[in-house]
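Engineer: Residue numbers (the numbering used here), protein chains in the order written: chain Z, 1 to 186; chain W, 1 to 981; chain U, 1 to 416; chain Y, 1 to 95.
Worth flagging that the hints you see were computed from the coordinates, not collected in a lab.
Treat the hints with care, as some may be off.
As the list claims (entries may be wrong) - Using 27 Å as the maximum straight-line C-alpha spacing, the simulated DSS-like pairs for lysine-lysine come out as follows:
no. : chain 1 : residue 1 : chain 2 : residue 2
1   : Y       : 80        : Z       : 136
2   : W       : 52        : U       : 7
3   : W       : 270       : Z       : 16
4   : W       : 52        : U       : 10
5   : W       : 509       : U       : 17
6   : W       : 941       : Z       : 183
7   : W       : 892       : W       : 941
8   : W       : 584       : W       : 715
For clarity, every value in this text was computed on a predicted model and none was experimentally measured.
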Amino acid sequence: MHDLVAITALGGTEPKIDRVGSVTCTETPGVALASVAARQGREDKTRNAVSQLIGAETPAVGKFTGGPIIAFWTGPDQWMIEAPFETHEDLAHLVKENTGDTASVSEQTDAWVRFDLDGEGVLAVLELLSSLDCRKMAAGAASRTSIHHLGCFVLCRASGSFSVYGPRSSAGSLHHAIVAAMKSAL
Amino acid sequence: MTQDNRLSGGQIDRTKTLNFKFDNRSYSAHPGDTLASALLANGVRLMGRSFKYHRPRGVLTAGSEEPNALVELRTGNRQEPNTRVTTVEMFEGLEAHSQNRWPSLKFDALAINDRFSTFLTAGFYYKTFMWPAAFWEKLYEPMIRRAAGLGSLSMQEDPDEYDKGFRHCDLLIIGAGPAGLMAALTAGRAGSEVILADEDFALGGRLNSETFSLNDGDATEWVKQSVAELSAMPNVRLMPRTTVIGAFDHGIYGAVERTGDHLASLPSGKPRQILWRIYAKRALLCAGATERPIAFENNDRPGIMLASALRTYANRFATTAAQRVAIFTNNDDGHRTAADLHAKGIRIAAVVDVRDDAPTSHDYEVLRGAQVRDTKGRLGLTFVEVELADGSSRTLDCGALGVSGGWNPNVHLTCHQRGRPAWNDDLAAFVPGADLPPGLSVAGAANGVMSTHGALQSGAEGAAQALGLKGPLPDLPKAEDTPISQTPFWYVQGCSRAWLDQQNDVTVKDVKLSHQEGFRSVEHLKRYTTLGMATDQGKTSNMGGLAIMAELAGKSIPETGTTIFRPPYTPVPIATFAGRMKGKEFHPTRLTPSHYWAKERGAVFVEVGNWLRAQWFPLPSETHWRESVDREVRQTRASVGVCDCTTLGKIDVQGADAADFLNRVYCNGFAKLAVGKTRYGLMLREDGIAMDDGTAARLAEDHFVVTTTTANAVKVYQHMEFVRQCLFPDMDVQLISTTEAWAQYAVAGPNSRKLLQKIVDPEFDISNEGFPFMACGNITVCGGLRARLFRISFSGELAFEIAVPSRYGDALMRRLMQEGEEFDVVPYGTEALGVMRIEKGHAAGNELNGTTTALNLGMGRMVSKNKDSIGSILSEREGLNEPGALMMVGIKPVNAGDKVTAGGHLMDATGPVDAAHDQGYVTSAAFSPSLDSHIGLGFLKNGGTRQGEKMRLVSPVTDLTVEVEIVSAHFVDPEGERLRA
Amino acid sequence: MRYSGFKVIKEALTGHKGWTPAWREPEPKPHYDIVIIGGGGHGLSTAHYLSKVFGLRNVAVIEKGWIGGGNVGRNTTIIRSNYLLDGNEPFYEFSLKLWEGLEQDVNYNAMVSQRGIINLIHTDAQRDAFTRRGNAMILNGADAELLDAEQVRKEYPFLNFNDARFPIKGGLAQRRGGTVRHDAVAWGYARSADSHGVDIIQNCEVTGFRIENGKCLGVETSKGFIGAGKVGCAVAGNSGRVMGMAGMRLPIESHVLQAFVSEGLKPVLPGVITFGAGHFYVSQSDKGGLVFGGDIDGYNSYAQRGNLPVVEDVCEGGMALMPMIGRARLLRMWGGIMDMSMDGSPIIDRTGIDGLYFNGGWCYGGFKATPASGFCFAHLLAKDEPHPTATAYRFDRFRTGRMIDEKGMGNQPNLH
Amino acid sequence: MIIHHPLLGPRDSSEFVYLGDASLINRPDWQAEDATEAFYDYAYLRDNPAGEHRELWFHEGGDRSWLVVTRNTATHEISKVELARDVARAQGRSK
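Make the full structure from the sequences, and use the hints.
Structural biologist: Structure follows, in structure tokens:
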């Protein structure tokens, strides 16, 4: 096992947590990501491989499925696989094993920072950030959107509970935007 | 001071008193007041000065259409110029100052302009101030500029926060008067997602200003009940203090919510205003109508106002401009004002009605067929002169005159997509035309339905139609349904200094002159006289001007034309459109994984696109940046240096056709690149100009990692997706950006291998044999961490680039520094990086400037002619291949110590120095510690054949001329022995 | 009639009875030596120079609406000659020189105000590029000054020097740049051309060209056929539409550019400022309004109106650059149709059709070019050879690979 | 503006990047006789209609699809939106 110590996207050794009113924003580094894109003519095989991996139907447009390993739709015949980091640090490798040459797989774990937003009033915060109609997002919805000029993914885990994935290098700007919106809306 | 003009009743909270100041004088008011109503209640009629003649002005209206009573609201860095007193909600401690006057509102020196008004007619400035030519900037213009302008900015940074947000609904209802409220009730009860927005802080619209009954009760009672019912609906959002400013494409509406303007101070973190982008499936415009004035001599004195405004101040705000009031009207609505004021105990001097058959009254005198000829009162109205039907004249003592010339529907939003309103003869006004913004419909007075009953009904029907609701409409409250009765009347014959645009001082005389000089189209009239160009966008002035122009041209008003309205409906603070995107948050900031480490090392950072990169790492002993940079270069070339190059774009290219794909996007070949090898690639645009360069490393048969320059990462990714999806849709290739996923470091210098060998796990052979120049591969480091290693060099030294998952970048950098101590390892920044690449003659952004070809860059031979690649065909055009084309060269000063300036131009050693003799230019320059001389790269005509030539490097803009020698661009290790070592 | 301060006083004292229309409203003659399509700035200035400088009087300008109703009446009024490339700089410098003598030339005060323009520098690469440009300007006989951050701060202390995301590192100034009262430019040229015998025919829309065996004989209009020895087309954003009637496809796309004006304010901005790290440029009109703009919306459009994202983008730039304008209110926004060319530079050239000439592709640099554009187009129409400063503005430069690409963006018009 | 993405439904146009006329899909054959002339026409000449216009938009802030949007340049009305990849294939483009 290697001996390099990781830091979070916000630069800390511990994830950052912010509370305003009843809403909590939690930096969530404990997640591994890998993108899967079907090879030409292998779309069905890829779908099967993915659904086996996540133990659920491969998600349709705008959705995520599975658990604890989940997949969410990112583009035509393209998905992002999400799994717990401790158990699946080398997720891309695992996914590649499952899909073989039916799909192209790329490690995305550290391409993203994840913030979990939970609590009463979270919708009021999100409407200051994203043009998505989050009030219409039910558990299992996943969509890409732009937050303060940053390309992000928004996943609705449960009513009043969302995950926002943003580009890791801009974690600070995204975090600032989220907390400012919380202070404004709550 | 006591509120002498306070009346009974109204919708103000007398249990609380608020204190405010106007021009440093203290007054009192009540919650529910606007600054306008509070000033009137305190007997203040004089509130401002006009733009051009500095005429004394009071409030003309009771709403956002106010052209006259503009003030500077608040103080210090919150000073807000040109604020309409009619829209300012009273708060404790409010401070306002009058503007555009000196030394004081009562005694304004520039009121002298009024005396010379006959010289200052429309467009006079186009005809003079031309001699002598030089005097315009020096004398005339500064004079004019000083006099012009209205309020002033504080010149300090706006301290408040602003937000922007998004809302979605099935039906957006704009305006919460009778039509809007009824529409909201109809849609809300049907379960639709509704947003009801109104610019006022009190919902209800005109109902708040009227005394007539709804359902045999007070109209305001019905408003209260309706608002209560709507507030209880989860599917309805009420947005008071929210102005819908524009109707944009495809049902997107801009709305500004004033969340903090009515507060003495903002709670921390709370915004002053929010710009809402409302996505509405349908929208219903219920914006009501605006009363219009009549033009007559001196119709602009403080105390002369719209009759409906007098009524609003009396009924809603329980105040009046004066205790004795006259009315001038061409329609029955004017009489309603008289009746309401009379009921409030105001003495009506008389109602002057231009109609011979005007209704009479037992309570006050009505002068039928009469007209107001002139008015008097320097700082406020004292009396009006009336010409009676029989031609005799009579004066009426009064402190206020209510004028009613009929009503104009508020069609503004219907014009925002350049739709034109249609003329309606019964109203003698423009109503919404046929070409409305898609998805928008109109109800109530905004649609020319003037009675309360009609408004309620059209509101209900409008909502039902917009949403396609089946079934019966909800019951409507019983309400007045009086028909319109008016005789179109725009101006009193013979008047000349009769104001149309009160803010810009455009009079009937100006319109006549405009016509006389041939400026007859509405657009010319507007531009020549500035009619309707004021901060009220001509809400109360356009119609009058148009009517008079029509009469002069002997045409009907619709033939003469209409001016369309543009967004925003009312002016919006620039900060509101910017929201949070200001200061450091203007653009997102991108930090590299080792940013915090670099900060600890005291690095100086520089913006590269949105990235912050370490520019150099100064030592405490170093006082000038050059010391740091020179040291970093020397130490790297002498031993080993490490540079964070994470910012380079990285794109994963996978698939069976990955190699073919790269063959198309790069002008040089990639099909035969072996697995485990890296190759430099040059990417052309389709027009044959160089777009970007980088490397492609083949990690597997079907897997490449492509790097792009930091600046072009996004553009190149887009381009590759275009080629993939649009040009070669059946290629089996998949792309994804991995820029952020990997922290990447250049480890350069003779000892770079030794350093890496201490970190790369032993099972990987990175010796020159095992891992030769341009090799690449997946490895592990520090005991098993997955990593990628590339043997590529930007510096020209033996060098590697090593990548690990971003979260470990910080740790890896620290480890490299620690393990490198024995080699005296140095971290280097972008400056040293730049110096070394110039020494090596590598092209970068300054050379790939969007106008240079492979030929210019000295890579002409790289463009493969025996394959199809983007840009290869058009790169063959004659103009891009002329003999004497620019070629990249190296530049060295002849006299040691002379500086080479980037941006300087190259001229022959002798002969004239001008554009005609321009030979080329310097793109990049630096001091080279390795050569102990300034050096540069540049493009020179026919540069390939001019090595050794002496030339002049001229930079007149930096006042510099240097003798230089043209040399090879490869200053250091031209044979490339070092990187293969 | 000659305009002068004396005349203004005389008229004032005699009730302004003597003022006559600034131009006639003639009916079209059956035939003109030269017909210019487009009563905008460029068409009217072409007519002015044709009649006054080249002595051609049998000329008509035909305009589908009202003169000056296009981009000359809806721009941000900036004039400058701070170009980089030799194909452009001499032309724009010629234009600036014509601006400097405009009022006396046309006897109309268009308020040419050389209050100076500054392009701000935020990176070292930008400084290198602006140094090269400043040198190119001087080598072409124009004026240019390279300022450091302190000099900029002295002139514009209210810019964001505290917490700027992209710190100001200097600027390239051109003192002779400035602003002009845009409507007055159209009116001044129109009045002058009219006084030299040019027929200005408003509300006359071109519906087609009469072309016989490769020669253009005139134009079909809503007021009937108008014969012409030569036809010059100067219709900016409508170039594609109009030249399409002659069967031509152009290296041009029409895009919408929005512009904005604030409420009137007491003077705050001495000159013209261009933000180098965002899309924002601003000046203050003599009436006190801040006149500002930014980038084009970016999609093909003839709608003469834009959308919110660009409004926000521009105001974000404004706030980032000068946070003291936060409480100033945006009063009006409008859009113009820009004839965006494939290299960002204009075309003044003959066409494949004998007797048909073209002037267009001005992107959003058209206003400052108005005098030189008219002069050079008049030169081409009168002498059948390009004016020395406009020789590079040829159609075939794209075929031969001699693009004039100031920004280096290539054949994508919305990037220029 | 709002673009109805064939897969994602209505999305604000600010999520997209505009390229230009959809004719850019019809890249000429590099080996044809008149290749240079054909590429000149392809790269530089436009119909630029005041009316219906087929144009390319890239969903940068979304699923990274290139779309062919049929939009009226006089009114901005959008009548059709397709995946560019499908359009390219339908026009016979392959590898």
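Engineer: Would you mind marking each hint as holding or not holding in the structure?
Structural biologist: Here is what the structure says about each hint:
no. : hint          : result
1   : Y:80 / Z:136  : holds (25 Å)
2   : W:52 / U:7    : holds (21 Å)
3   : W:270 / Z:16  : holds (23 Å)
4   : W:52 / U:10   : holds (21 Å)
5   : W:509 / U:17  : holds (12 Å)
6   : W:941 / Z:183 : violated (60 Å)
7   : W:892 / W:941 : holds (17 Å)
8   : W:584 / W:715 : holds (24 Å)
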